[in-house]
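Number of protein chains: 2
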Amino acid sequence: MTDSIKYLLDERRIPSTWYNLVADLPTPPPPVLHPGTLKPVGPDDLAPLFPMALILQEVTGAREVEIPRPVRDIYRQWRPSPLFRARRLERVLETPARIYYKYEGVSPAGSHKPNTAVAQAFYNKEAGTKRITTETGAGQWGSALAYAGALFGIEVQVFMVRVSYQQKPYRRALMETYGARCTPSPSSETQSGRAILAQQADHPGSLGIAISEAVEVAASRDDTKYALGSVLNHVLLHQTVIGQEAMAQMEMADDSPDILVGCTGGGSNFSGLVFPFLGSQLRRGKKYRIVAVEPAACPSLTRGKYAYDFGDTGHLTPLTKMHTLGSTFIPPGFHAGGLRYHGMAPLVSHLKELGLIEAVAYHQTACFEAGVTFARAEGIVPAPEANHAVKGAIDEALRCKRDGVSRAILFNLCGHGHFDMQAYADYFSGRLVDQPYDEQALAAALSALPAVA
Amino acid sequence: MTDSIKYLLDERRIPSTWYNLVADLPTPPPPVLHPGTLKPVGPDDLAPLFPMALILQEVTGAREVEIPRPVRDIYRQWRPSPLFRARRLERVLETPARIYYKYEGVSPAGSHKPNTAVAQAFYNKEAGTKRITTETGAGQWGSALAYAGALFGIEVQVFMVRVSYQQKPYRRALMETYGARCTPSPSSETQSGRAILAQQADHPGSLGIAISEAVEVAASRDDTKYALGSVLNHVLLHQTVIGQEAMAQMEMADDSPDILVGCTGGGSNFSGLVFPFLGSQLRRGKKYRIVAVEPAACPSLTRGKYAYDFGDTGHLTPLTKMHTLGSTFIPPGFHAGGLRYHGMAPLVSHLKELGLIEAVAYHQTACFEAGVTFARAEGIVPAPEANHAVKGAIDEALRCKRDGVSRAILFNLCGHGHFDMQAYADYFSGRLVDQPYDEQALAAALSALPAVA
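Quick note, the sequences are listed as chains A and B, same order.
The first sequence begins at 34 in this note's numbering and counts up by one.
The second sequence begins at 34 in this note's numbering and counts up by one.
No copy labels: a pair is met if it fits in one copy or bridges any two.
In the DMTMM-like style, the derived pairs of lysine to aspartate or glutamate whose C-alpha atoms are separated by at most 20 Å in a straight line are:
no.: 1; residue 1: 158; residue 2: 36
no.: 2; residue 1: 39; residue 2: 106
no.: 3; residue 1: 163; residue 2: 256
no.: 4; residue 1: 72; residue 2: 91
no.: 5; residue 1: 158; residue 2: 106
Keep in mind that the hints were calculated from the coordinates and are not lab data.
Using the sequences and the accompanying hints, generate a full structural model.
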C-alpha cells in the first residue's frame, strides 16, 4: 500500500518576495473611493489607519515585493508548510484523480492568518505603532494578530463579536494567553458601539460592527493603528507565500494541478494559493480551472451584487467595488465564522468578473460530512472554513471518477479544527443544521447599497 | 535581533530503529510478576492483551529494534519534528542559558502519543486484530489511538473517565471524528464497571477503573486487543524517535545539552527524549543532568514508594515494580490529566533508583505561569502537561542566571494546548488553584500495596 506523501521544501526556499497579481492582470481592479467625495482615495486618506509601508503595498503595481528579513525569520517557525498527496483519501473515494493539499494549519495559531499578521505587526513596529486594533468573528484572525503582537511587543486589542465572545471562550483564552485584550462588541468603548447598545442593550454583534469599533479607536489615537485579516490587497499579497511554495512542491511531486480549490470568506487563503498559479497562467503559462468555494448561507460571490459598498456596518471605511450582500446584511449563524462576511476581496471579485475563476456554494452539513471523510483518511481535522475547500475538492475528485479521467486537484487546507470541536460535536449529535439566509433581508440590504455612478 | 531558530532534519533522517535503553543499563529492571503466582510473567501470559510482536518488544534486550516501513511512512506525516532554540524566551528571562525544545505538538493529534499509537496499530493490524480497547483521561492518548486506528482500519473503543467525558466534550468529539467509539467509564459494559456502579451509580471514574474495563473487554474477545499509551517498555521504546532526532538536531545546532528536562505522568514523553542521550552516557559518553518534572498533586517519583503494584484499580494487570502512590489512590482533579496516574513507568523508576535521573514536583499554577511566559515569547501554547517541563526548564535557566553560568538546557514540549484552553481560561480568571492531595488517603493507599517478598 502506498501511503499519503509529504512534500517539504528546505527552509531556504521560503519565498523571498510576495507576489503581486495586479502586475499581471489585463485590467486593474476599480479604485477605492472616498465615501464623501466619491473620488479615489490617496495614501494620505488611509494614513490614520495603516502604516505607510502597508498603504504603499495596497496600491503598488510592482510584481514582487521583498519580504523583510525579520518576517522571514519568523515565517521559519512553521514555513515552508507541507504539501501532501492525499493517497489515502483517493483510495477511500476510489477516484482516478490525484488530490493534493497545502496545509497551513501548522502555524502557531493554526491557520494561514499569521502569514499576514506577522507582516502587519512588523511594519507597524517599524512605524512606531504602540497598539493595533482589530475585529474577529470566530477568532482565527484575532488569535493570529495576538500571536504576532506578542512577538513584536505590540499591544493588541481585539473587538470580538459578542455572541462569539460568549460562545467561544477558548479562542478568547488563546488571544489572552498571547497577551491580547479582548473586548466584546458592540462595546461602550466607542461611539459606534454605544449607538448600537442604545438601540439594543443585548445586541449580539456582527463583524461589520466590530470593524467599525476597531477602526474608530485606531483613527482617534496617534499611537494606534488598525489591522484587517482579509479583503485588502496587501493582506492577499502576504498570503502568496502559500501558492509560491505550492508551485515548487508540485514540481517536487513531478505533477501540475489542473484544478485549484480554496474556500472564500474575505478571500485571503484562496488568493494566497491561487494568485501565483494564476499569474503564471496570465504570463502565458498553463491554464487552470480555479474554484472558489463559499458558504451557501453567506454567498457573496454566487448571490451578491458586484457594486461599491462599505466594508463595515458603521460606514467608517472607504468604498470598494466587490461582490457584496450589502453591508447591513446579517448572515445566519453557522460554524465557519471566518466565512461570515458580507463582501469579497475586491481583487477576487475582479477575477470573477474577468472570468478567471469560478465560484460554488455549499451548505455546512455537506461540508462537515466531507471534513469527517477527510479526517478519517488523512488524519487531520480541518477547520469548518477549510471543510468548504475539502468538499469542493472531493466533489471534483468524484466528477473525475464519474467521467473516468485523472486530473490533479490542489486545494488549500487553510487551518485545523482544534478550536472548533463543538461544531463537530454538534454535527455528530445532529444539532448542526443548514440555515438558509433570509431572502427578504438580502433584498433589503442590496437595495440599500450606496449610490455610486 | 536574533530570532528563535528552528532546526529541522530532512525526512530521510527519521530514525530507522527505535532505541532500547535496557541494552545499555548496568542492571536490568526487576521482572513483571503474575499477581497470583508472584512468578515472572512470560509472553504467553500477555498474549490475550497484546499482539506477540509488541510482547517481544516488551522483553527484548536488543539495543535496536527496526521500525517497520509502513510505520515510518506514517511518521513522515509530521516527523522529523522540529527542535527550536528559544532565543526569544532566553531574552525575556535575561538568562545566559541556551534553551532548546523539541516540539511534538506538530503531530495530527497534537502530542507525542501518535509515535506509539501508530506502531501499536500497525502490529495489531499485522496480527489480524479487529478492535483495540484503551482508556483515556484527558483524551490525548485516546485521540492518538483513534487517529492510528482510522489509518489502519481498526475499530477503536476508548473508555473515557466519566468526569472527563462530561467535562471535555471536545477531546471526545476529536476521537469520534476519527471514528472511535467513546464509552464513559465506569460503564455497564464490563463486570468491573458494573461492580463500581452498583456501589455508586454516579461514580466519576478514574484512570485505574478505565484500564480495568478496557483490559476486561480485550481479554474476553479473540479479535480484540488492548493498548496502553505509556508506562510499558514497548511504549517508551517507540517514543525514542524523539531523542534520536534531538541528538542529530543538537549537532546541527553545534551544541550539546547539559541538562535534559521532561514532564512525567506515566513517563513516555520523558523517556522518548532522554533515553537516547542516557544510552550514549552509559556507553561512556558525556554525562547529562536529567530532570523529571511531575505534578505536586500526583507525585509518584518524589513521594511514592518503589514497590510492586497493580497498574489498575480492578487489579486485572500484572504486578510491576515502580514508584507508586498505590493503585487505589485517587489524585485531586487538576488540569494536566495526562499526568494523573498513580504509578511511574518501571524503567523510569529503575533509573531513579540507579541515581541516573532527578525528579522535582511543581503545583499547577506555577506551571501555567511558566506556560504563559513561554507562549508569549515563543508563540506556542503548551499543553498543561508540557507546562511542567516548561517550568522545569525556566527554573534551570533562572538558576544559570543567578549563578552566572551558561548551560544548554533541552526540554520536551510534548504537546500543544489547543484542546486545553478551558484550563488557561480558568488560570486567567483565578479559578485555577493548587489542590494538595489527601495525605491520609495516600498513606492508606500505600499501606494497601500488595505484599511481595
